[in-house]
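**Student:** Residue numbers (the numbering used here), protein chains in the order written: chain A, 1 to 305; chain B, 1001 to 1243.
Treat the hints loosely; a few may be bogus.
Pairs of lysine-lysine, DSSO-like flavour, derived with a Cα cap of 30 Å [stated by the list, open to error]: (1) K124(A) with K1093(B); (2) K1156(B) with K220(A); (3) K1187(B) with K276(A); (4) K187(A) with K1049(B); (5) K1221(B) with K220(A); (6) K146(A) with K169(A); (7) K1049(B) with K254(A); (8) K1183(B) with K305(A); (9) K39(A) with K169(A); (10) K1220(B) with K220(A); (11) K187(A) with K1106(B); (12) K1156(B) with K1221(B); (13) K1005(B) with K1187(B); (14) K276(A) with K1049(B); (15) K185(A) with K1093(B); (16) K305(A) with K3(A); (17) K1156(B) with K187(A); (18) K119(A) with K30(A); (19) K154(A) with K1093(B); (20) K1049(B) with K230(A); (21) K39(A) with K136(A); (22) K1213(B) with K187(A); (23) K187(A) with K46(A); (24) K305(A) with K1107(B); (25) K1213(B) with K185(A); (26) K1187(B) with K1018(B); (27) K1213(B) with K224(A); (28) K305(A) with K1106(B); (29) K1093(B) with K169(A); (30) K1213(B) with K1183(B); (31) K1005(B) with K276(A); (32) K3(A) with K146(A); (33) K220(A) with K187(A); (34) K1221(B) with K276(A); (35) K175(A) with K305(A); (36) K1093(B) with K122(A).
Hints in this document: simulated from the structure, not taken from any laboratory.
None of the values given here were measured: they were computed from a predicted structure.
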Amino acid sequence: MDKNYIDVLEKIADIRDFPAGAYNIRSDGKSIGKNDSEKIKIEFKKDVSGLDIYVSPDTVKESVHIPVVIGESGHTETVYNDFHIGDNSEIVIIAGCGIHNCGEHESKHDGIHSFHVGKNCKVKYIEKHYGSGDGKGERVMNPVTKIYLDEGSKLEIETVQIEGIDSTKRETYAKLSDNSTVVIKEKLMTHGNQFASTDFEVDLDGSDCSASLVSRSVAKNNSKQVFFAKMTGNNSCHGHSECDAIIMDNASVKAVPEITANHVDASLIHEAAIGKIAGEQLIKLMTLGMSEAEAEQKIIEGFLK
Amino acid sequence: MLEIKNLSFAVDTDNGNKKIIDDVSFTVERDSYVVITGPNGSGKSTLLKLIMGIEKPTAGRIIFDGEDVTGLSITERAEMGMGFAFQQPVRFKGITAKNLIDIAAKKKLSVAEACRYLSAVGLCAADYIRRELDSSLSGGELKRIEIASVIARESKLSLFDEPEAGIDLWSFNSLINVFENMKKRTKGAVIIISHQERILDIADTVIVIEEGKISKMGSKKEILPGIYSQLESCCLLKTAAGD
């Protein structure tokens, strides 16, 4: 792989080479390396572009890497990845997409993921989005994630988009069974004229299920962000969504919470806070010798940590 | 090492121009302990903020280490060796106690080194070193981390705005020890705003501010008896721990 590709791969998946365990590395629409483990099988879809990933029951302490790198200006793709995770599994999935665009044309990756998680599983899904390159062509990503959790399972998602994506529209849907838990942590920073939209929707259908959706974002320059969080409690459940945004320059941030309780034991909370960096925070760090710009950087770094 | 010359600070109000600090002058010698006391609203915190550069004076000069710093920024004053502990410390999401102490110390400290600063302010360091400075900490915990960050800076001049405010009675004695030890061990001058007898008791110089002016200034022997008799008569502040 070209150095630019490897650099992008490192940014999104913390690897510079083929990882251990099961993986498929996709570059400009083609698989450049694939590996199954004894308990995790990856199959290419026949009708559309994408993968079926089968995790056998009782698979523990294994990882799956499925990063995507695009370096060809003008390359656009829609990829369907479906995870079928057997009961009692504990795995980590590292996905993510990086676009290096030095050309004039729009490069776009729309990753459509679905997670069919069996009973009593613990799954962690890490998805980083990153863009680089000095071309005028836009870098666009529109991920869709659908989650179906069976009894007693927990899925934790960490999504990070800090740099370089001009436009993103993220849709995440989760349907929860009895005693299942979904935890979604989103970290987002937009700058320039970038646009990012996050749309969470969770149906808390099972008894004693819970959802936590937390978005922390920084909007700089003329960028725009929109955050929708819709939670519906259809059983005894706990739901918490939180949008916490730092707004700077001429940016715009909109948070639209929607919580609906259809059961007397549904407990749902939404918190949203949008504001600039507090002057007292800057002053405190300046009294410790930082310049205003360094203090601002430190505060943002901590906020998005 | 610090000369305050005819310092004034005024603000515009609905009732006209109001002087918060009015022609204040005093000198702080190297390695000395100065305690500023006085009624609420007398301008003590403003005076400390003027010294650090958080507020800009409307008149007067501030000379630090022989250099006129009146026009310098907060950052420049910090780099010259001033430190400041806020009365109400600010909270940060995602910045830990260790991060703050590292920034203060101007280097990445080992966990053991950072813990020493937290232990010095009476916190069980292992419990706090990785804690974020967010709303999960109580006011008293945050206050002690604030004080630890100023101690870690090892400044030539450390400014403390009511360090005892927000500290519970049980922790008060250990806080007094912090200041007593600082006086014994560290080099550098300290200015503390305080109403507490035991902090006043370790002062080399006591300054009393009333209505933006210095009403009394001198050694603790000269000033304290007068303050206490005044306080007893108006039943105000003599509630220090140990009383």
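**Student:** So, for every hint listed, does it hold in this structure?
**Tutor:** A quick look at each hint next to the structure:
Only pairs whose Cα atoms come within 30 Å are accepted, and K124(A) paired with K1093(B) is accepted, the gap being roughly 24 Å. A distance of roughly 37 Å separates the Cα atoms of K1156(B) and K220(A); the hinted pair therefore is violated under the 30 Å criterion. Using a Cα cut-off of 30 Å, the hinted pair K1187(B) and K276(A) is violated, with the two alpha carbons roughly 38 Å apart. As the CA atoms of K187(A) and K1049(B) are separated by approximately 35 Å, the hinted pair breaks the 30 Å bound.
This hinted pair does not check out: K1221(B) and K220(A) have alpha carbons roughly 57 Å apart, beyond 30 Å. Annotation: proposed proximity of K146(A) to K169(A) holds, straight-line Cα distance about 14 Å (limit 30 Å). Distance check on the hinted pair: K1049(B) and K254(A) sit about 36 Å apart at the alpha-carbon level, beyond 30 Å; violated. Note on K1183(B) and K305(A): the hinted pairing is violated, with a Cα-Cα distance of about 38 Å set against a maximum of 30 Å.
Between K39(A) and K169(A) the alpha-carbon distance is near 33 Å, which puts this suggested pair outside the 30 Å criterion. The suggested pairing of K1220(B) with K220(A) is violated, with an alpha-carbon distance near 53 Å, which exceeds 30 Å. Of the supplied pair hints, the one linking K187(A) and K1106(B) holds, its CA atoms being roughly 28 Å apart against a limit of 30 Å. Among the hinted pairs, K1156(B) with K1221(B) is consistent with the structure: their alpha-carbon atoms are about 26 Å apart, no more than 30 Å.
As the CA atoms of K1005(B) and K1187(B) are separated by approximately 24 Å, the hinted pair is consistent with the 30 Å bound. At roughly 23 Å between alpha-carbon atoms, K276(A) and K1049(B) fall within 30 Å of each other, so this suggested pair holds. For a cut-off of 30 Å, the pair hint linking K185(A) to K1093(B) stands: about 15 Å separates their Cα positions. In summary, the hint linking K305(A) to K3(A) is supported, as the alpha carbons are separated by about 27 Å, within the 30 Å threshold.
Distance restraint check for K1156(B) and K187(A): the Cα-Cα separation of roughly 40 Å exceeds the 30 Å cut-off, and the hinted pair is therefore not satisfied. With a C-alpha separation of about 33 Å, the suggested pairing of K119(A) with K30(A) is violated against the 30 Å cut-off. Annotation: proposed proximity of K154(A) to K1093(B) holds, straight-line Cα distance about 26 Å (limit 30 Å). In summary, the hint linking K1049(B) to K230(A) is not supported, as the alpha carbons are separated by about 46 Å, beyond the 30 Å threshold.
The straight-line distance between the Cα atoms of K39(A) and K136(A) is roughly 44 Å, outside the 30 Å bound, and the hint therefore fails. Annotation: proposed proximity of K1213(B) to K187(A) is violated, straight-line Cα distance about 50 Å (limit 30 Å). At most 30 Å may separate the alpha-carbon atoms for a hinted pair to count; K187(A) and K46(A) exceed this at roughly 34 Å. About 20 Å separates the Cα atoms of K305(A) and K1107(B), which keeps this hinted pair within 30 Å; it holds.
Straight-line distance between C-alpha atoms of K1213(B) and K185(A) comes to about 53 Å, which puts the hinted pair past the 30 Å bound. In summary, the hint linking K1187(B) to K1018(B) is not supported, as the alpha carbons are separated by about 38 Å, beyond the 30 Å threshold. With a C-alpha separation of about 50 Å, the suggested pair K1213(B) and K224(A) falls outside the 30 Å cut-off, and the hint is violated. Of the supplied pair hints, the one linking K305(A) and K1106(B) holds, its CA atoms being roughly 21 Å apart against a limit of 30 Å.
With a CA separation close to 26 Å, the supplied pair K1093(B) and K169(A) stays within the 30 Å bound. Proximity of K1213(B) to K1183(B) is assessed by CA-CA distance (about 27 Å); at most 30 Å being required, the pair is judged to hold. Simply put, K1005(B) and K276(A) have alpha-carbon atoms about 36 Å apart, too far for the 30 Å limit, and the pair is violated. Annotation: proposed proximity of K3(A) to K146(A) is violated, straight-line Cα distance about 33 Å (limit 30 Å).
This hinted pair checks out: K220(A) and K187(A) have alpha carbons roughly 14 Å apart, not beyond 30 Å. A hinted pair counts as satisfied when its Cα atoms are at most 30 Å apart, and K1221(B) with K276(A) does not qualify at roughly 49 Å. Among the hinted pairs, K175(A) with K305(A) is consistent with the structure: their alpha-carbon atoms are about 28 Å apart, no more than 30 Å. With a C-alpha separation of about 27 Å, the suggested pair K1093(B) and K122(A) falls inside the 30 Å cut-off, and the hint holds.
Hint compliance for this structure: hints 2, 3, 4, 5, 7, 8, 9, 10, 17, 18, 20, 21, 22, 23, 25, 26, 27, 31, 32 and 34 are not met, and every other hint is.
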